Amino acid sequence: MSSDPSVPDARAVAETIDSKDLVFGRTVVPVKDRNKAPKKGKLGFEYAEHCFIGDAITLTLANGTKVAASDYKFQLKDQLSLTYGQINGLAGDFYGTYDPISDGKDDQDRSARFVRAYNTLADGGPRLPKEAMDILADPSVVYAQLPDVSLKLELITFGRSGHTRIPWASANQLGPLGADARTAYNAGHATAIQKAISGDLDGAYAMNAFADHFLEDSFSAGHLRTPRRLLHRSTDITADACAKFMHDEDNAIGIEARIQEVSHGRYSVQASADEIYKAYQTKQAPSPTNYQAWTFAPTLESANAHQTLATLFTFQGREAQGDRESEATSGWWNYPITINGLQNIIPWSSVAVTTPKSEHLDGLWGGGPSKDPLFNAVLFTPLAAINFNDGKEIRVYYLDEQYVLQEYCYSADQGKWFPGELGNMKIQAATNTSIAAMQYGDDRGGVYIRVYCQELGSGAIKEFCNNGYWFRGATLPVALSGSSLAAVVYSWNGLQLRVYYQTDDLSIKEHCINDKSGEWFPGKLDFGKAPGCVPISAIGYGTSNGGAELHVYWRNLDNEIVGTKNTGSWGPVNTVVGGLKPGTQFAAAQWSNGKNLRLYYQTADDSVLEMVNDSGFWVGGATVGNVH
Numbered sequence: 001m002s003s004d005p006s007v008p009d010a011r012a013v014a015e016t017i018d019s020k021d022l023v024f025g026r027t028v029v030p031v032k033d034r035n036k037a038p039k040k041g042k043l044g045f046e047y048a049e050h051c052f053i054g055d056a057i058t059l060t061l062a063n064g065t066k067v068a069a070s071d072y073k074f075q076l077k078d079q080l081s082l083t084y085g086q087i088n089g090l091a092g093d094f095y096g097t098y099d100p101i102s103d104g105k106d107d108q109d110r111s112a113r114f115v116r117a118y119n120t121l122a123d124g125g126p127r128l129p130k131e132a133m134d135i136l137a138d139p140s141v142v143y144a145q146l147p148d149v150s151l152k153l154e155l156i157t158f159g160r161s162g163h164t165r166i167p168w169a170s171a172n173q174l175g176p177l178g179a180d181a182r183t184a185y186n187a188g189h190a191t192a193i194q195k196a197i198s199g200d201l202d203g204a205y206a207m208n209a210f211a212d213h214f215l216e217d218s219f220s221a222g223h224l225r226t227p228r229r230l231l232h233r234s235t236d237i238t239a240d241a242c243a244k245f246m247h248d249e250d251n252a253i254g255i256e257a258r259i260q261e262v263s264h265g266r267y268s269v270q271a272s273a274d275e276i277y278k279a280y281q282t283k284q285a286p287s288p289t290n291y292q293a294w295t296f297a298p299t300l301e302s303a304n305a306h307q308t309l310a311t312l313f314t315f316q317g318r319e320a321q322g323d324r325e326s327e328a329t330s331g332w333w334n335y336p337i338t339i340n341g342l343q344n345i346i347p348w349s350s351v352a353v354t355t356p357k358s359e360h361l362d363g364l365w366g367g368g369p370s371k372d373p374l375f376n377a378v379l380f381t382p383l384a385a386i387n388f389n390d391g392k393e394i395r396v397y398y399l400d401e402q403y404v405l406q407e408y409c410y411s412a413d414q415g416k417w418f419p420g421e422l423g424n425m426k427i428q429a430a431t432n433t434s435i436a437a438m439q440y441g442d443d444r445g446g447v448y449i450r451v452y453c454q455e456l457g458s459g460a461i462k463e464f465c466n467n468g469y470w471f472r473g474a475t476l477p478v479a480l481s482g483s484s485l486a487a488v489v490y491s492w493n494g495l496q497l498r499v500y501y502q503t504d505d506l507s508i509k510e511h512c513i514n515d516k517s518g519e520w521f522p523g524k525l526d527f528g529k530a531p532g533c534v535p536i537s538a539i540g541y542g543t544s545n546g547g548a549e550l551h552v553y554w555r556n557l558d559n560e561i562v563g564t565k566n567t568g569s570w571g572p573v574n575t576v577v578g579g580l581k582p583g584t585q586f587a588a589a590q591w592s593n594g595k596n597l598r599l600y601y602q603t604a605d606d607s608v609l610e611m612v613n614d615s616g617f618w619v620g621g622a623t624v625g626n627v628h
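Just so you know, we're using UniProt numbering here: the sequence shown kicks off at 1 and counts up by one.
Since the hints were made in silico from the structure, they are not lab data.
Fair warning: there could be bad hints in the mix.
Here are the simulated DSBU-like pairs of lysine-lysine, each with C-alpha atoms no more than 35 angstroms apart in a straight line [what the hints assert, rightly or not]:
#1 K462 with K73
#2 K392 with K283
#3 K462 with K426
#4 K595 with K392
#5 K524 with K581
#6 K105 with K283
#7 K73 with K529
Bear in mind the structure is a predicted one, so any value in this text is a computation, not a measurement.
Start from the sequences and build out the full structure, keeping to the hints where you can.
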């Protein structure tokens, strides 16, 4: 290896994107609730998924240039500057009126109601832009995960006149469930199309972003069959809370629904935005019956058909009926929720891999979700895994249901799994953190473990060390909130440690320490920007000729896993596998000093597959875990 791949690069970043401009959460996923009862007087609502999906599309500008929605801002009144996804996330739940769009007596009335709702954000006022930016700057990922956040957001929006505030927004925006959501979207989309035909493409996009909030509601299981309108009471929010609980349960467990095409919210929102640009070009409006967004959406008929999960509330006659008579004995109400007989791999699950031994069990994979669980963790927990002592010792790192960083251990000497001591440090992790871990030894048989995550209230990467006992280590640079983390250790001219993460400007960066430096310093990796909070995985090893190699992998905007290699300097970016669904997690591994490279990821049907590189190129490998 001719040069250390960690020599700092002085290349300046051309553009800085503030953290409040970024989408919320760890990956492009519909974030689930924790199924934890909110504190008294504090209802939970989600808006992360709207921001994510809205900013994941591509916009065609008036000059024909295509840009990522997350990189283009619309200028509203009072110096309010928002991306497509941010408008999308603020719509409906934070900005709207007391007049449901879907209650309009005809198309013209519904359009007028939509414009009034849109103008509560777009037309500014004494509370803007500060109020909107306060909401967007909140560090939470999902309201239901941090019940205090709902109260905070209610206080931010308290005292408005003529339009909704949190938590009353969801009570008064009665339209956006089921058929009413479709009516609200159609009204807003039609209005935005007319604005595009008039020649104001940016104004049409901004208006359509507001309408797309209601389109995306049709991809939420909790919105498809909850009878919110029938449960609503003007003077008592108890019934509205019941609708919220049914919404959360359906979201957490899921329901079955049919689609006309491959279903994903991003495809639907992309079709919606493309229709705006087409109207701008052709000066023609499509018929509402031909709106392309609905070809990607679940059908209401299938959602309201017979389901494995019974509805929490139905409407019979003049009263809403509770459908659960056996809730105390069914066993379905325990946390975490499990439906008997359906032990599938959860979509968008984090993936961690460690290689105790380079051998196979008759060429087949064992274990899987049908086996007894090792431990309970918060839904969608990040994972990291290491092994040492020739695979006799395994460690898994995760977040428990209170978002405390935990360790679970396997020791061949004990022949069982057991809780580790890391949890005794009571490290309160950020709710959207990732976790990275690495292990190395010394000539005296010592074992050293390093674990990295972001703590609650801090964007800095924190290091936790075990040299026989756990203690706090270094504080690394501030990373993008919810950034993926990857850590590798290898030997080349002494011990080399590397941590990879994403910054607020969306670049993937490297931070390094070695025996020579004794201190952490910035590395050289800098290939440009990647989508916000994409998964990152890295491997490093010494080669047989006395050199070293580093590999870093991430998921790009085209939902491909791509990577770059360093054998003295960083090489070109190459594709490993494509055609992935948005939000796919993956993990990379190697053994035999890089002779065997592996990459594990979830497919569109949520199975876990393997990519194999034993001879310099990537090919498909085994099915590690099958969704069925």
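Here is how each hint holds up against the structure:
{"no.": "1", "hint": "K462 with K73", "result": "holds, 33 angstroms"}
{"no.": "2", "hint": "K392 with K283", "result": "violated, 68 angstroms"}
{"no.": "3", "hint": "K462 with K426", "result": "holds, 14 angstroms"}
{"no.": "4", "hint": "K595 with K392", "result": "holds, 22 angstroms"}
{"no.": "5", "hint": "K524 with K581", "result": "holds, 30 angstroms"}
{"no.": "6", "hint": "K105 with K283", "result": "holds, 27 angstroms"}
{"no.": "7", "hint": "K73 with K529", "result": "holds, 17 angstroms"}
Hint check: a violation occurs at hint 2 only; the rest are consistent with the structure.
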